[in-house]
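In order, the protein sequence lines correspond to chains F and Y. Just so you know, the first sequence maps onto residues 13 to 289 in this note's numbering. Just so you know, the second sequence maps onto residues 30 to 283 in this note's numbering.
The set of hints was computed from the structure by calculation and includes no laboratory data. Mixed in with the good hints, there may be bad ones.
What the hints assert, rightly or not - Once the Cα atoms are required to be at most 27 Å apart in a straight line, the calculated DSSO-like pairs of lysine-lysine come out as:
#1 F:K23 <-> Y:K252
#2 F:K228 <-> Y:K252
#3 Y:K256 <-> Y:K236
#4 F:K128 <-> Y:K256
As the list claims (entries may be wrong) - Distance windows between CB atoms, simulated:
#5 F:Q210 <-> Y:H245: 49 to 57 Å
#6 Y:A166 <-> F:A153: 49 to 57 Å
#7 Y:A89 <-> F:V208: 37 to 45 Å
#8 Y:T162 <-> F:W168: 34 to 42 Å
#9 F:A123 <-> Y:A235: 31 to 39 Å
#10 Y:G93 <-> F:R199: 45 to 53 Å
Unchecked claim - Negatives, chain F to chain Y, calculated, CB over 12 Å:
#11 I21
#12 R57
#13 A75
#14 V80
#15 F81
#16 P95
#17 V142
#18 V166
#19 L172
#20 D200
#21 P206
#22 F207
#23 M215
#24 T252
#25 P255
#26 V272
As the structure is a prediction and not an experimental result, all values here were calculated from the model. Idealized CB from N, CA, C, for every residue including glycine.
Residue-level listing of the chains:
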Amino acid sequence: MTASTTLRIVKPHSERTLRDDLASIWTSRELLLVLARREISVRYRQAAIGVLWVVLQPLFTTAIFTIVFVVFARIPNQGESYPLFAFAGLAIWQYFNRAVSDGGNSLVANAALITKVAFPRLIIPLIAPVAGAVDCLIALAVLVIMAVLMGAHVSWMVVLAPLVILAAALLGYSIALWLAPLNAIYRDVGIALPFVMQVAMYMSPIVYPAALVPEKIRWLYLLNPIAVLVDAIRWLVLGTEPPTAVGFTVFGVLTIVLFVGGRRLFRNMEGNLVDRI
Amino acid sequence: MTPMTQPVLALDRVTVSFPVYLGGSRSLKKRLLSQGSAGRIARDANDRVIVDALHEVSLALESGDRLALIGANGAGKTTLLRVMAGIYEPVSGTVTVRGRISPMFDIGLGIDTDLSGYDNIRIRGLLLGLSATEIDARLPDIAEFTELGDYLEMPVRTYSSGMMLRLTFAVATCFEPEILLMDEWILAGDAHFMARARARIDAFVAKANVLVLASHNLDVCRKWCNKGVWLQRGEIRAIGEIEDVIDEYSAASA
Numbered sequence: 013m014t015a016s017t018t019l020r021i022v023k024p025h026s027e028r029t030l031r032d033d034l035a036s037i038w039t040s041r042e043l044l045l046v047l048a049r050r051e052i053s054v055r056y057r058q059a060a061i062g063v064l065w066v067v068l069q070p071l072f073t074t075a076i077f078t079i080v081f082v083v084f085a086r087i088p089n090q091g092e093s094y095p096l097f098a099f100a101g102l103a104i105w106q107y108f109n110r111a112v113s114d115g116g117n118s119l120v121a122n123a124a125l126i127t128k129v130a131f132p133r134l135i136i137p138l139i140a141p142v143a144g145a146v147d148c149l150i151a152l153a154v155l156v157i158m159a160v161l162m163g164a165h166v167s168w169m170v171v172l173a174p175l176v177i178l179a180a181a182l183l184g185y186s187i188a189l190w191l192a193p194l195n196a197i198y199r200d201v202g203i204a205l206p207f208v209m210q211v212a213m214y215m216s217p218i219v220y221p222a223a224l225v226p227e228k229i230r231w232l233y234l235l236n237p238i239a240v241l242v243d244a245i246r247w248l249v250l251g252t253e254p255p256t257a258v259g260f261t262v263f264g265v266l267t268i269v270l271f272v273g274g275r276r277l278f279r280n281m282e283g284n285l286v287d288r289i
Numbered sequence: 030m031t032p033m034t035q036p037v038l039a040l041d042r043v044t045v046s047f048p049v050y051l052g053g054s055r056s057l058k059k060r061l062l063s064q065g066s067a068g069r070i071a072r073d074a075n076d077r078v079i080v081d082a083l084h085e086v087s088l089a090l091e092s093g094d095r096l097a098l099i100g101a102n103g104a105g106k107t108t109l110l111r112v113m114a115g116i117y118e119p120v121s122g123t124v125t126v127r128g129r130i131s132p133m134f135d136i137g138l139g140i141d142t143d144l145s146g147y148d149n150i151r152i153r154g155l156l157l158g159l160s161a162t163e164i165d166a167r168l169p170d171i172a173e174f175t176e177l178g179d180y181l182e183m184p185v186r187t188y189s190s191g192m193m194l195r196l197t198f199a200v201a202t203c204f205e206p207e208i209l210l211m212d213e214w215i216l217a218g219d220a221h222f223m224a225r226a227r228a229r230i231d232a233f234v235a236k237a238n239v240l241v242l243a244s245h246n247l248d249v250c251r252k253w254c255n256k257g258v259w260l261q262r263g264e265i266r267a268i269g270e271i272e273d274v275i276d277e278y279s280a281a282s283a
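Can you build the whole structure from these sequences, using the hints too?
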């Protein structure tokens, strides 16, 4: 009858280790998957064309930027076709954007659950990146199909593309760990976030090539983790130049620092959130 | 399986406190607050106002214990329930739980009207800490209790209000509680609902290994519980047999 009896010891958050937290995320994986599935089905529930939006959103955005940059602004050709170049960047960007934005709003959005039942709250900002991964994979599949149809060469390394999604998820989650509790108390965070993300998008070589940026400040892109993600996905799918070793290192260190600090902030704040969310 | 010497639910000098952010005109608000609340009020190093909702509370419950939490508004009853449930974390002290906690603070918890009845039951089970296999094993029983049949495959928003009520209630009571935490108002819900649900609630509470009930209603406490805790300003004023604690409480408030 009580074979499944579990021992749970609740201590002040100051006494809990990173290992405890990672273990609690792992034990809650079934709950996380069900909550992510709910997110997916709720997202397109009343949409007539449903999941097609996953494909249409980056396609339309690509079309708009193609018209603006290629037809109107006539930016110099980089060797690869601009629509493929932009679509690849937009697909990973939209995924990352969603992980950060939805993750940052996740505690507020799930306030009803948080105040009524105890479960590892660290999984809440993970729902968006897990649910969004499906969309991102579909978008990448469409990218490959587009590339083949347009006669471009698709690298075999495309099979490694899910690793870039994973990297984007880890960085997005680490940032959301900071934003979610702050947003629960200061709603300013949620209000400012779309604007900040918009700025971040134009500061990264997503819809324009880094070559357009003056030589003097191009090194800044090495420090931009979004540029590393975008370059990595283009490298794996379209066979362009890979990101530099410095870029990968900066990305890795930044993700770890943001995760460790974010997890600590999240843990320190979550106890006080319940009444203030 | 294990000898019953170990408590099922134990609190060891648990303190829970909340910083209160007052904004402007602090002195006036502080004064009003210190008179209006039954909790203890202090200030921390940053001169924030700190309310000690629970102060060094220790207690141990063994299998079969049915504990009533008695006390005035703001004495810490709900805070104590929530810290037992793991919703609040102690600022100091330790909560040790052996078994699965079933919090019954909100009957409609986790009901998502866009999901099917089955999915709602699954989410509820997972939130309570059951595994997917354990939930699947119980699904046929739950389905039978709801009498909703094939409707369980449909999104809940397509349900009539009567069906909704049956599902909500079945979801709330479908997994046997090991340690059941309840707020009084669950037992004192609206009359129509309670008439239908009485037997189910009684059976549900009876199945619980340990019950903790926060209540203002001393009759309810006598009926359901064998032990009592009288909380005052976040501290235990009295603990023991339910009749003794009620007598002491009534004497003091008379």
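Now for the hints, and whether the structure bears them out:
With a C-alpha separation of about 33 Å, the suggested pair K23 (chain F) and K252 (chain Y) falls outside the 27 Å cut-off, and the hint is violated. Restraint check for K228 (chain F) and K252 (chain Y): the C-alpha separation of about 80 Å exceeds 27 Å, so the hint is violated. Simply put, K256 (chain Y) and K236 (chain Y) have alpha-carbon atoms about 17 Å apart, close enough for the 27 Å limit, and the pair holds. The suggested pairing of K128 (chain F) with K256 (chain Y) holds, with an alpha-carbon distance near 25 Å, which does not exceed 27 Å.
Roughly 52 Å separates the CB atoms of Q210 (chain F) and H245 (chain Y), a value that falls within the hinted 49 to 57 Å. Between A166 (chain Y) and A153 (chain F) the beta carbons are some 37 Å apart, a value that contradicts the proposed interval 49 to 57 Å. At roughly 50 Å, the beta-carbon separation of A89 (chain Y) and V208 (chain F) lies outside the given 37 to 45 Å, and the hint is violated. A hinted range of 34 to 42 Å holds for the C-beta pair T162 (chain Y) and W168 (chain F), which are about 39 Å apart.
A hinted range of 31 to 39 Å holds for the C-beta pair A123 (chain F) and A235 (chain Y), which are about 33 Å apart. Checked against the hint of 45 to 53 Å, the C-beta distance between G93 (chain Y) and R199 (chain F) comes to roughly 47 Å, which is consistent with it. For I21 (chain F), the condition that its CB be more than 12 Å from all CB atoms of chain Y is violated, with the nearest at approximately 5 Å. At the 12 Å boundary, the C-beta of R57 (chain F) falls inside the reach of chain Y, the nearest C-beta of that chain being 5 Å off.
Listed as a non-interface residue, A75 (chain F) keeps its Cβ farther than 12 Å from every Cβ of chain Y; the least gap is roughly 31 Å. Consistency note on V80 (chain F): stated as away from chain Y, and its beta-carbon is indeed over 12 Å from all of that chain's, at 37 Å minimum. Against the 12 Å criterion, F81 (chain F) stays outside the reach of chain Y, whose nearest CB is about 39 Å from its own CB. Distance check on P95 (chain F): its Cβ is at least 35 Å (rounded) from any Cβ of chain Y, clearing the 12 Å threshold; non-interface status holds.
Separation of V142 (chain F) from chain Y is adequate, the least Cβ-Cβ distance of about 15 Å exceeding the 12 Å criterion. Residue-level check passed: V166 (chain F) sits 38 Å from the nearest beta carbon of chain Y, beyond 12 Å. Non-interface call for L172 (chain F) relative to chain Y: holds, since the shortest CB-CB distance, roughly 31 Å, exceeds 12 Å. Annotated as non-interface, D200 (chain F) keeps its C-beta farther than 12 Å from every C-beta of chain Y; the closest such distance is 15 Å.
The claim that P206 (chain F) is not at the interface with chain Y holds, since no C-beta of that chain comes within 12 Å of its own (minimum 25 Å). Interface exclusion of F207 (chain F) from chain Y stands, the closest Cβ pair being 26 Å apart, more than 12 Å. For M215 (chain F), the shortest C-beta to C-beta distance to chain Y comes to about 34 Å, beyond the 12 Å cut-off, and the non-interface label holds. For T252 (chain F), the requirement that its beta carbon stay farther than 12 Å from each beta carbon of chain Y is met, with the minimum near 41 Å.
For P255 (chain F), the shortest C-beta to C-beta distance to chain Y comes to about 39 Å, beyond the 12 Å cut-off, and the non-interface label holds. The beta carbon of V272 (chain F) is kept farther than 12 Å from every beta carbon of chain Y, the shortest such distance being approximately 20 Å.
Hints 1, 2, 6, 7, 11 and 12 from the earlier list are contradicted by this structure; the remaining hints agree with it.
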